[in-house]
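Student: Chain by chain, the residues:
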Amino acid sequence: MNPLNKAFFTPLFGVLLLMTACQPGDSEVAGDSEVAGDTTMAGDSEMASSTPEVPDEASENANTIIEGEFVVDDAWARVGMEGGMSAAYFTIANGLDQDDVLLGAMSSVAEATEVHETYDAGEGMMGMRERESLPVAGNSLTEFKQGGLHVMFLRLTEELSEGDEVQFTLSFENAGDVTVTAPVRMR
Amino acid sequence: MLAVFIFSSCASESTESFDDMSVTLTDHRGQTVTFPDDYLGSPMIIGYIYTNCPDICSLITANVNQIEGLVRESNPDLTEESASNQPSYILMTFDPERDTPEQMAKYAASFDMSDEPFHFLTGDSMAIQTVMERMRVRTSVSYDTVNARGERVYFLNHSDKVYLLDDDASLVYEYGGSMTSPSMMANDLSNEL
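Residue numbers (my numbering), protein chains in the order written: chain A, 1 to 187; chain B, 1001 to 1193.
Heads up, some of the hints might be wrong.
In silico EDC-like pairs for lysine to aspartate or glutamate, Cα to Cα no more than 16 Å straight-line [unchecked claim]: (1) Lys1106(B) x Glu82(A); (2) Lys1106(B) x Asp99(A); (3) Lys1106(B) x Glu117(A).
From the structure, some residues in chain B lie toward chain A, with a derived Cβ separation under 7 Å [what the hints assert, rightly or not]: (4) Leu1059; (5) Ala1062; (6) Phe1111; (7) Asp1160.
The set of hints was computed from the structure by calculation and includes no laboratory data.
Note that the structure is predicted; figures quoted are calculated from it, not measured.
For every residue, glycine included, the Cβ atom is placed at its ideal position computed from N, Cα and C.
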């Protein structure tokens, strides 16, 4: 597509565009009773398309709620240098009727492990803030994804390279501690 | 086609040129470079990052890595890193205080981007400020504290941008950096070759 075409069509699709590529998106996905108990394979779920702004990764974050089960799944962590930062991404599928709260995260791969959120700080700026207490509603999916919620590893005690695995623990008010194993990838 | 339009949304056109800047910077290989002079003659992708940012900047870095792979796949003549029209894939820090050339080298290595055609650029504070002001990349300290070891720890709010410059360092497209499809940016870059 030449630049003139691109410039011409951009306003035409303005509203749609606003909802997709330009916005960091809503990281906390509301529950959908229609998918509770659904055993649809990853990639087939209707919930899979909630991250259109990162289309290459959207299908990878697909998950479904299993009725009666509380599951943390689809975890992966970013490569990172020793002494540097990294982040882990995953999906919390709360198939219980009971609401829960994520109280924090722990790991041995970094000096500090915190729940953070990237957000639109306005005027084209992106910011990051800690989420010390994150509600996880019953019968809901909560996606930790690039450009949104993430578990942040501050000052890695070792280099994280492709093919490595990291373990971290999420502490929930009701579900207790959930240990997650995440493969390390670049993206 | 609709997908193309969707992913074109954050690209804005410009005829703005940066070829007059001539700012002295240092790459992650420790080489002194002049930006953009040393990169003229082939198009450039430039992402703006800081290495203490784990989410957005890592995503930008990974996207630039993916763009390079996609462009090389669709342009077999670029298989040789020394190809005359080889684009430059630049990640430039806006946090020179912490992002020394050594820090940039470690960061590049963690993404397996140490070699050509990747260039992780830093410089003294004045040089970086000059570039960022010209490129309209804004930052502000969002969190600033001192850890138990007495070391300053801070995070930055920052613009989320990737630029495509042509071989004369004129701005072709300005993208919303982390959230723009690498495929779209790779297509745009291939069109400049």
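Student: Tell me the numbers of any earlier hints that the structure contravenes, in ascending order.
Tutor: 2 and 3
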